[in-house]
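Protein chains: 2
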Amino acid sequence: MKKALAFDIGGTKIYSTIIDETGNIISDIDKFSTPKSIEGIKEILKNQIEKYENEVDIIAIATAGAVNNENTAVIGSTGNLVQGYYTIDFQSLSNKKVFLENDANAAAWAEYKIGASKETSVSVLLTLGTGVGGGIIINNKLLKGKSGAAGEMHFKMYSDKRRKCTCGSWDCFEAYASGTALKKDAEEALNDKNVTTYDVIEGVKNKDEKMTAIFNRWENDITLGIIGLANLFDPDCVVLSGSMAQFVDTMKIEERVNNEIVTAPTSIRPAQAGNYSGMIGVSLLALGGLE
Amino acid sequence: MKKALAFDIGGTKIYSTIIDETGNIISDIDKFSTPKSIEGIKEILKNQIEKYENEVDIIAIATAGAVNNENTAVIGSTGNLVQGYYTIDFQSLSNKKVFLENDANAAAWAEYKIGASKETSVSVLLTLGTGVGGGIIINNKLLKGKSGAAGEMHFKMYSDKRRKCTCGSWDCFEAYASGTALKKDAEEALNDKNVTTYDVIEGVKNKDEKMTAIFNRWENDITLGIIGLANLFDPDCVVLSGSMAQFVDTMKIEERVNNEIVTAPTSIRPAQAGNYSGMIGVSLLALGGLE
Chain D
88 MKKALAFDIG
98 GTKIYSTIID
108 ETGNIISDID
118 KFSTPKSIEG
128 IKEILKNQIE
138 KYENEVDIIA
148 IATAGAVNNE
158 NTAVIGSTGN
168 LVQGYYTIDF
178 QSLSNKKVFL
188 ENDANAAAWA
198 EYKIGASKET
208 SVSVLLTLGT
218 GVGGGIIINN
228 KLLKGKSGAA
238 GEMHFKMYSD
248 KRRKCTCGSW
258 DCFEAYASGT
268 ALKKDAEEAL
278 NDKNVTTYDV
288 IEGVKNKDEK
298 MTAIFNRWEN
308 DITLGIIGLA
318 NLFDPDCVVL
328 SGSMAQFVDT
338 MKIEERVNNE
348 IVTAPTSIRP
358 AQAGNYSGMI
368 GVSLLALGGL
378 E
Chain R
88 MKKALAFDIG
98 GTKIYSTIID
108 ETGNIISDID
118 KFSTPKSIEG
128 IKEILKNQIE
138 KYENEVDIIA
148 IATAGAVNNE
158 NTAVIGSTGN
168 LVQGYYTIDF
178 QSLSNKKVFL
188 ENDANAAAWA
198 EYKIGASKET
208 SVSVLLTLGT
218 GVGGGIIINN
228 KLLKGKSGAA
238 GEMHFKMYSD
248 KRRKCTCGSW
258 DCFEAYASGT
268 ALKKDAEEAL
278 NDKNVTTYDV
288 IEGVKNKDEK
298 MTAIFNRWEN
308 DITLGIIGLA
318 NLFDPDCVVL
328 SGSMAQFVDT
338 MKIEERVNNE
348 IVTAPTSIRP
358 AQAGNYSGMI
368 GVSLLALGGL
378 E
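Going down the list, the sequences are from chains D and R.
Following our numbering, the numbering of the first sequence begins with 88 at its first residue and continues without gaps.
Following our numbering, the numbering of the second sequence begins with 88 at its first residue and continues without gaps.
If we strip away everything but chain D, and leave its shape as in the complex, we get:
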């Protein structure tokens, strides 16, 4: 059976393991803190590749940032990784082929192949974590756009410049739907810089009224964003992934979305492919492209 040496390169952590062509993780997960230098990142990749490349058919990297349509390089900058990250020549790190895909796109592919959106043809995946990522599948193919950067969840939630987004523009979905946004909602509502996302989640559990109102506002913003996406893509389903997805009520969101969209009813589903869906998805993509 064909195998990939898989990586997931994020703003805080780098994961690595070996995954087979059915999407099974067949080795331990190695974990590293993401270095703050290009050389540091390359060092980790090189060490892992030296150790394992003879056991695998391809190197498969899920990464923060947009990946070109040839799946060979990161294009443009990514806020959460070291400046100049996109200049890394990934192919030079291995004798095997190196295949890259954006982490949210890769997660969307994993959900489509073995998870929550299996057997659908049009789906939208949202990763709700520190930031918000998006991966869109249309007619059984990833939506990549002209340069490979499609699926960025930076559409407006307000038109009157309320909250700056990490992308430099204002009021993007990411700035209202991420974990960071929930903290920001709480800071604004309570006028307290020290309140955390954890405080809000705990407050909701303890039926604290203020915390529940803050949480509901955040969930409402996520719902409104999904309404727009459902009207644009008419998807079979919207999959919610990432560390924050466990806290939202997908049934409640689905009911509201289907009440307000002009397109046919859709379904809102929690992700099923697990915490390593990025590595699984990019491995399936990479191995699927091999003869």
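Treat the hints with caution; some may be incorrect.
Since copy identity is lost for identical chains, a pair holds within one copy or between any two.
Here are the simulated SDA-like cross-link-like pairs (lysine to any residue), alpha carbons at most 25 Å apart as the crow flies [as the list claims (entries may be wrong)]:
#1 LYS138 x LEU277
#2 LYS233 x ASP336
#3 LYS233 x ARG343
#4 LYS251 x GLU342
Quick caveat, the hints were computed from the structure, so don't treat them as lab data.
In this text the structure is predicted, and so the values were computed from the model without any measurement.
With chain D fixed as given, assemble chain R onto it according to the hints.
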């Protein structure tokens, strides 16, 4: 050369003509006011089809409302047409095959085949008229979604319920970017129910400060919507069509969009396929599907 008997069925007018497989209009344009009854609409279609069906290879109908993925029927209701319009059995009106497509999708296809988005592979078309329509082309195919209704421009511009949309929900792009929205902007700014879209456009021409501010706010809302679409689709271009498109400054919008998106630069272009792009596009789609 193959030919289609083309129709464009809108909320106020029905157009009809004959179009050849290169997109040329080869007969007069017949114009009718859209009847307020299903029978009235069927009557117009039947009369035209009886007159011309022997001269053509297929009947091609661009229509308001979503069209199914088989291009045989309208699905769901359309605000601007008589209730129950979607129950019309279009195929029963002719001995030739009857092919339908949503009017904005058809216009997008015309721009892609013979107009502003020719030789691109990913494009978004916006029709800015009484309402706002959308047609999206991805990898040289219309985005239809699971049921055929994709491309609806009902994503939020605000999250705090400011303006009701024709779709029944709140604050959709359509409610801020249409001609009707420009009138609404003016009504709100001037506290005058009688101000018209024409008044605003004339005011801008005469350098009236208030009218210019109203217009700029409207153009700004269109720009913000396009920023979201560009981040989602990473398109080669965004084409602006419809009666209101002539008033916006595409160069100014393009500069602003490219300053704010996280995806690669795109181009904003005025439509080139003319007023009958809906009929041209649906004819090219219908004739393209014939052996």
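Right, here's what the structure says about each hint:
{"no.": "1", "hint": "LYS138 x LEU277", "in the structure": "neither (51 Å within a copy, 71 Å between copies)"}
{"no.": "2", "hint": "LYS233 x ASP336", "in the structure": "between (35 Å within a copy, 24 Å between copies)"}
{"no.": "3", "hint": "LYS233 x ARG343", "in the structure": "between (33 Å within a copy, 19 Å between copies)"}
{"no.": "4", "hint": "LYS251 x GLU342", "in the structure": "between (30 Å within a copy, 20 Å between copies)"}
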